[in-house]
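Student: Fit chain B to the supplied structure of chain A, relying on the hints for placement.
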Amino acid sequence: MEPPNLYPVKLYVYDLSKGLARRLSPIMLGKQLEGIWHTSIVVHKDEFYFGSSGISSCPPGGTLLGPPDSVVDVGSTEVTEELFQEYLSSLGESLFRREAYDVFENNCNTFTNEVAQFLTGRKIPSYITDLPSEILSTWALS
Amino acid sequence: MARAREEAGDSRLVSGREPSSRIIRVSVKTPQDCQEFMLAENSSVHHFKKQISKRLHCDTNRLVLIFTGKILRDQDILSQRGILDGTTVHLVVRTHLKGTLPGPRTLSGPTGHCTHRSEPSTSESAGMLARLGRLGRLAQSSPDLADFLGQLAQLLMAAPESVVQLLESPVVQGLANEKPANASHAPESSRLVQKPESALKALESLQNPARQQELLQVDKRGLEALKAVPGGDNAMRPVCSDIQQLLLFALAPLVASKGHNPGSELCKEEASPHVNTDPTAIPTALAPARPLVQKVRAGEVTQARCVASNQANPGCGTGMPDVNSGQDLLSQESQQPAGRATVTSQLRPSPSALRRALHVLQKNPTLLHPLAAGSPLRHRMPLLPLLTNPRALQALIQIEKGLQILSKEVPGLAPCLWGPGRPHGTREPPETRGGGQGQRADSVQPTLAVLQLLQALANACSQSTQSSLPSSLLTEGCYQQDLEHLKVMGFANHDANLQALMAAGGDIHAAVERLLGVPEAPVPPADAYSAPPHGEGGGGRGRGGEGK
Chain A
1 MEPPNLYPVK
11 LYVYDLSKGL
21 ARRLSPIMLG
31 KQLEGIWHTS
41 IVVHKDEFYF
51 GSSGISSCPP
61 GGTLLGPPDS
71 VVDVGSTEVT
81 EELFQEYLSS
91 LGESLFRREA
101 YDVFENNCNT
111 FTNEVAQFLT
121 GRKIPSYITD
131 LPSEILSTWA
141 LS
Chain B
1 MARAREEAGD
11 SRLVSGREPS
21 SRIIRVSVKT
31 PQDCQEFMLA
41 ENSSVHHFKK
51 QISKRLHCDT
61 NRLVLIFTGK
71 ILRDQDILSQ
81 RGILDGTTVH
91 LVVRTHLKGT
101 LPGPRTLSGP
111 TGHCTHRSEP
121 STSESAGMLA
131 RLGRLGRLAQ
141 SSPDLADFLG
151 QLAQLLMAAP
161 ESVVQLLESP
171 VVQGLANEKP
181 ANASHAPESS
191 RLVQKPESAL
201 KALESLQNPA
211 RQQELLQVDK
221 RGLEALKAVP
231 GGDNAMRPVC
241 SDIQQLLLFA
251 LAPLVASKGH
261 NPGSELCKEE
271 ASPHVNTDPT
281 AIPTALAPAR
291 PLVQKVRAGE
301 VTQARCVASN
311 QANPGCGTGM
321 PDVNSGQDLL
331 SQESQQPAGR
341 ATVTSQLRPS
351 PSALRRALHV
361 LQKNPTLLHP
371 LAAGSPLRHR
381 MPLLPLLTNP
391 RALQALIQIE
401 KGLQILSKEV
411 PGLAPCLWGP
421 GRPHGTREPP
431 ETRGGGQGQR
441 ADSVQPTLAV
451 LQLLQALANA
461 CSQSTQSSLP
471 SSLLTEGCYQ
481 QDLEHLKVMG
491 FANHDANLQA
501 LMAAGGDIHA
511 AVERLLGVPE
521 APVPPADAYS
531 APPHGEGGGG
541 RGRGGEGK
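These protein sequences, in sequence, are chains A and B. At position 77 of the first sequence the residue is numbered 77 (full-length UniProt numbering), and the sequence of numbers has no breaks. At position 6 of the second sequence the residue is numbered 6 (full-length UniProt numbering), and the sequence of numbers has no breaks.
Please keep in mind that the hints were generated in silico from the structure rather than gathered at the bench. Every residue, glycine too, gets a C-beta built ideally from N, C-alpha and C. Be aware that one or more of the hints could be misleading.
List of simulated lysine to aspartate or glutamate pairs, DMTMM-like, C-alpha gap at most 20 Å [stated by the list, open to error]:
#1 B/Lys29 - A/Glu82
#2 B/Lys487 - B/Asp507
#3 B/Lys49 - B/Asp74
#4 B/Lys49 - A/Glu78
#5 B/Lys70 - A/Glu82
#6 B/Lys70 - A/Glu81
#7 B/Lys29 - B/Asp85
#8 B/Lys29 - A/Glu78
#9 A/Lys123 - B/Glu41
#10 B/Lys49 - B/Asp59
#11 B/Lys70 - A/Asp73
#12 A/Lys123 - B/Asp85
Every beta carbon over 10 Å from chain A, so not counted as near; a handful from chain B, in silico [to be verified]:
#13 Gln35
#14 Glu41
#15 Gln51
#16 Val488
Chain B with its partners taken away, still in its complex shape:
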């Protein structure tokens, strides 16, 4: 129409602008194709967009024109922006206006209809990256957070369900929600003391399953995208393990502290002298967890502030490793590489596992005393690999028992191993060789608690691991049943049952033998599996129990 007349070289003005406007040929390049337009060099961008929208059959407000990196505004004049004859302008057709839902693209390209979530990784990772980008900007205020927020975002894409679960676990939620802008530490723990339960309930009810689902869906594809990245996985794994580890660290003492304030204070006191090799990682890893959760859930930016308040609190987490791992330094190195591999396959400590673990700790706040008092051997333990690997936990238990034997045999060694804070210098598992029953009563308690905790975590973690460890699933299932059996048999002491089962490696017969052997005479140095007179009775009862 008017355009065609212009192409004849007519210098008449088209858009009512200056008289001497030449007609220029401008290429418009989209990701799909490239088209040429002829229009006056003095026409406005708005006019240009109208031309484009006519040819491409889409709204002008979906068009975004970019030239030399600058987004062209409607009121700009082409020549003023440097658009001359033969130049190329880039075009992006938005699939949705700002804030509106995605609509179908109407580009004239052959294939090109981005129907968003149906397309593979790029759009998902794109959306995820956009979200991460927003989170990154969220953390601009604190430069420390920026990197770790990005890391956690990567982590989120790597292990979406587990991390989201982890972060959504009621305790973390409680922590997050209870510290809106509070920078002091003591009120944190006291607040935790006051209303952990209500926080749990409230937060669970507040969960938005729809958004969670959406997030998980996006994350899944983002995860696939990142898995395809050559370096992505490698970067993610240590971050995954570190952050999950540290989150776990931070959770436990905080809940334990709610049951035992002095213990938590003790933890805090210890936090400063025992700032471990990676102090920044703990708070910052926990820190981004919270804003990430908040962003995901409520889309609020202010939660970033609550991060700062948690800086020192997770320092208490250093008390946690000692609770769980005792003095298993020897095992640490061997477990580190195994733990790494395990974490990648078991990136799913379920919130229920954490709750159980924390519950156990809660029941046994005395655990915190000896451990918070410090051990010369305390340093950053790879707790999560330990906890998520049931085999590692079993090894841990064995090592702890060995150390207990050591401490009994060589009492002078105990202070070196345990440090001054541990009142129960000698502890013994049921199968301890030799004598020394004296302190069994009070020493069994923390042992049991520790073992319980480890076992609970192992069970829960193996339970949540979907594919990697069928054997651990079997173990966990056996324990459940066997605990029931033992209870029915008349072994009412759940703790002792659990301990016996664990020590027996799931063998209910041996467990019964242990249970029967413990409260009576010391188990002879010979093989505990050998059949003392009561053992057979126990075995019989065990068999009878299993017959049910």
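This is chain A alone, in the form it adopts within the complex:
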């Protein structure tokens, strides 16, 4: 059997604060945060992300945020586009419905983490997934 196609999977990381978090977080939160991370998965030449309106997609770098602040190579996948779309549809009806968005517990990074594991078996960097707990821990102090 011929080898199946491998599709690269990338993680686009955006700092929603555009650098302000790095500068102001020590003052405002008492601890250093490098950024407020928003992530999306780029595969099959499309960018997929989860927001308050559910799972969405656009051309890579096509959101209002513009180009990503950094790109992480997650790996490669054999999952075809068709299969991926089915998977996303299924996700969009269950764990990542539009109303299931929670900025701390079930946010864009949760989604990308889930999708990255599905596609490649790898998780996204922990500094992204740890962000909510980092922030929540500061609030807990106040």
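Tutor: Relative to the frame of chain A, chain B by itself:
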């Protein structure tokens, strides 16, 4: 059954494989839930799938198992793929086998039944994206096309009806179908000359309304999905306007060229020196339009080749802006932002509008001469915003008239403004102040044609705009009626009627006054709306006409 005995730690082989197969616990994760399975590490994936299908009550051939990004084949062995105790394998249950119709999902999940088209945006955008992905791969052969095909695909989702209509307009269809693998330009235009009409008819009859409907339905939801995207709209709008603009550009001279070959050649000659600021956008924007249409219609891949053949032809389109906008450079900047906003609200130049416009051009192929000869002022005009905005068109008309006055008052200015190619240096609208009736006869003709074209496009575009411009709809309706009235009154010259109506802004009385004023003495410099003796008669007749 056998599984339970295995769980007791019995090392007996289950699937007839090697003797020392341990039992491992593997989690199977679906989008809905996660379940655990116990089975021998040396069992096959096929065996695993059978277990899963028993528990989830679905066919094994619907199951797709993915581990570390690799799709597990039936004949694989779990341990060979690295599936160990405690690992998680991802499962997707296909809702349909390859090529078959969608069926109900039978996952054991609580909610989870994807009934496809009934679900909101994700599945629609998913389907659309899959289609776009295929189109993207279609364009792999030509890297230029890939981006623009994606852009056009986005555009399609943004303005599905209008773009599909636009692309399906008979002329585009004719263009697409007449260039299967022809890379030369001259035969294109000649072919267009030969059988545009038959192409129109044939293509219209070949349309598949069912598929079109389906596409539009999908697009609608895809559109909603994309509208929800934070950046999607912004990315789409300029693409929408650009591509529609350019499609319009390309259509007109090609049809005009069928009526006047030398004109088209002239256009082509001009295309090279006057390659405007965005040469690649025109051909590539038109290019993906065609393969997209073809893909949608016939599902054929080969049409991508015909794209390449259109590379230079739309260069003729640069002649078009000059036809329509004259020398309205001043208005361009002001209209650009307005045009952008307008385009987003009026993404619907109907094919009938285009046909009308092209018909007008066809009737007046002489328009191409002065414009194809070039103007030093030619550059990329935002034609579509101009054409789709009736107010912009009115402003255009006024500006053109102003420029005509200028050229008359200061004849030396004409060559600068128009360039060497324009034979009718002095043209005048009916309300021109001052003298100089000399060249009215031959100069009115292109003016009329231009104004006709603009008006036709404005009418058609405003007609096709559903919600945004009720005022323009009223205008268009008035014109239709008033044209009828004028005809009944005895003003047989349709062109003059139209021009008068447009100049009068829809006021039939003023239009009649103009009509009566034009062929006789020059309109006095005083207000043309003032009532010369014949004006009242005209007004009376107008009123009489309206009484019908």
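Student: Given the proposed pairing of lysine 49 of chain B with aspartate 59 of chain B, does the C-alpha separation stay at or below 20 Å?
Tutor: holds, 9 Å
Student: Mind checking the alpha carbons of lysine 70 of chain B and glutamate 81 of chain A for me, to see if they're no more than 20 Å apart?
Tutor: With Cα atoms ~13 Å apart, lysine 70 of chain B and glutamate 81 of chain A stay inside 20 Å; holds.
Student: Does aspartate 85 of chain B lie within 20 Å of lysine 29 of chain B when you go C-alpha to C-alpha?
Tutor: Holds - the C-alpha atoms of aspartate 85 of chain B and lysine 29 of chain B are around 15 Å apart, at most 20 Å.
Student: Would the pair lysine 29 of chain B and glutamate 78 of chain A pass a check requiring their Cα atoms to be no farther apart than 20 Å?
Tutor: Given that 20 Å is the threshold and the Cα spacing comes to 17 Å, the pair holds.
Student: Hinted pair, alpha-carbon criterion (20 Å max): lysine 29 of chain B, glutamate 82 of chain A. Please report holds or violated.
Tutor: Roughly 19 Å separates the two Cα atoms, so the pair holds.
Student: Is the hinted pair lysine 49 of chain B and glutamate 78 of chain A satisfied, with a Cα-Cα distance of at most 20 Å?
Tutor: Holds - the C-alpha atoms of glutamate 78 of chain A and lysine 49 of chain B are around 19 Å apart, at most 20 Å.
Student: What's the verdict on lysine 123 of chain A and aspartate 85 of chain B, does the C-alpha distance respect the 20 Å limit or exceed it?
Tutor: It holds: about 19 Å lies between the C-alpha atoms, which stays within 20 Å.
Student: Against the 20 Å threshold, does the CA-CA distance of lysine 70 of chain B and aspartate 73 of chain A hold or violate the hint?
Tutor: Roughly 17 Å separates the two Cα atoms, so the pair holds.
Student: Report holds if the minimum CB distance from valine 488 of chain B to chain A is greater than 10 Å, and violated otherwise.
Tutor: holds, 55 Å
Student: Does glutamate 41 of chain B sit more than 10 Å from chain A, CB to CB?
Tutor: About 18 Å separates glutamate 41 of chain B from the closest Cβ of chain A, which puts it past 10 Å; holds.
Student: Just to be careful, I want the Cα atoms of lysine 487 of chain B and aspartate 507 of chain B compared with a cutoff of 20 Å; is the pair within it?
Tutor: holds, 15 Å
Student: Just checking, glutamine 35 of chain B versus chain A, shortest CB gap more than 10 Å?
Tutor: holds, 14 Å
The earlier numbered hint that this structure contradicts is number 9, and it is the only one.
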